[in-house]
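Asks: Below, each chain spelled out in residue letters.
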Amino acid sequence: ETGVTQSPTHLIKTRGQQVTLRCSSQSGHNTVSWYQQALGQGPQFIFQYYREEENGRGNFPPRFSGLQFPNYSSELNVNALELDDSALYLCASSPASGREQYFGPGTRLTVT
Amino acid sequence: AQSVTQLGSHVSVSEGALVLLRCNYSSSVPPYLFWYVQYPNQGLQLLLKYTSAATLVKGINGFEAEFKKSETSFHLTKPSAHMSDAAEYFCAVSPVQGAQKLVFGQGTRLTINP
Numbered sequence: 027e028t029g030v031t032q033s034p035t036h037l038i039k040t041r042g043q044q045v046t047l048r049c050s051s052q053s054g055h056n057t058v059s060w061y062q063q064a065l066g067q068g069p070q071f072i073f074q075y076y077r078e079e080e081n082g083r084g085n086f087p088p089r090f091s092g093l094q095f096p097n098y099s100s101e102l103n104v105n106a107l108e109l110d111d112s113a114l115y116l117c118a119s120s121p122a123s124g125r126e127q128y129f130g131p132g133t134r135l136t137v138t
Numbered sequence: 100a101q102s103v104t105q106l107g108s109h110v111s112v113s114e115g116a117l118v119l120l121r122c123n124y125s126s127s128v129p130p131y132l133f134w135y136v137q138y139p140n141q142g143l144q145l146l147l148k149y150t151s152a153a154t155l156v157k158g159i160n161g162f163e164a165e166f167k168k169s170e171t172s173f174h175l176t177k178p179s180a181h182m183s184d185a186a187e188y189f190c191a192v193s194p195v196q197g198a199q200k201l202v203f204g205q206g207t208r209l210t211i212n213p
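From first to last, the protein sequence lines stand for chains A and B.
Here the working numbering is used: the first residue of the first sequence is 27, the next is one more, and so on.
Here the working numbering is used: the first residue of the second sequence is 100, the next is one more, and so on.
Hints in this document: simulated from the structure, not taken from any laboratory.
Be aware that a few hints might be false.
Listed next, the in silico DMTMM-like pairs over lysine to aspartate or glutamate satisfying Cα-Cα at most 20 Å (straight line) [stated by the list, open to error]:
id: 1; chain 1: B; residue 1: 148; chain 2: A; residue 2: 126
id: 2; chain 1: A; residue 1: 39; chain 2: A; residue 2: 108
id: 3; chain 1: A; residue 1: 39; chain 2: A; residue 2: 110
id: 4; chain 1: B; residue 1: 148; chain 2: B; residue 2: 165
id: 5; chain 1: B; residue 1: 157; chain 2: A; residue 2: 108
id: 6; chain 1: B; residue 1: 148; chain 2: B; residue 2: 114
Pulled from the structure, derived: some chain A residues nowhere near chain B, Cβ distances all over 12 Å [to be verified]:
id: 7; residue: 37
id: 8; residue: 39
id: 9; residue: 46
id: 10; residue: 48
id: 11; residue: 91
id: 12; residue: 97
id: 13; residue: 107
id: 14; residue: 109
id: 15; residue: 111
id: 16; residue: 138
These figures come from a predicted structure and were not determined experimentally.
Cβ coordinates follow ideal geometry from the N, Cα and C atoms, glycine included.
Whole structure, please, built from the sequences with the hints as guidance.
Replies: Listed below in structure tokens is the structure:
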């Protein structure tokens, strides 16, 4: 059974640019959540997708957007990057029958 | 709103000693509770979960946690620390209804002394 995978592993962008991060959920999981983890902090909930619809959103501006595809994979898009967007971005998937979430290895985004 | 407080940003124990990592939550109704571990430059791994069944929950790697409603606590313990337990530990809560978002504490860095 393949776990949650994310790509790319690392990314360096310039302030003002746009970025797309990708996530493949664990087999059989239909819910995907995205989190931002700043250095030395706990992860912060960005949003969640269930059956291709946004199913909850944290306190992040609209320039953070997402998609979920029919195969339950997902993308996180961030427009107009700011220096404070530098963080580890974590994707997590969860099964229809459970509340626990299983995390991918993350994408380290650096904005210069 | 739900919140989590982890007492102690850094805990240091000797190899073979008891590990106790503290977590208190704030919620109007008992939520679902989780402990995750994060090794350097990696994602989070689920250690254990409480979802309103038994109050004493056993997880992987010899860890366990006890849900105490009266104290709004969900402390993580391990009887005997191993060098491989050195990592960052996060307590998280999730509401029983609605979106399955996790609200994390600030984390506790566990150091094991030989």
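Asks: Hint by hint, work out which the structure violates, then give me just those numbers in ascending order.
Replies: Of the numbered hints, 5 and 6 do not hold.
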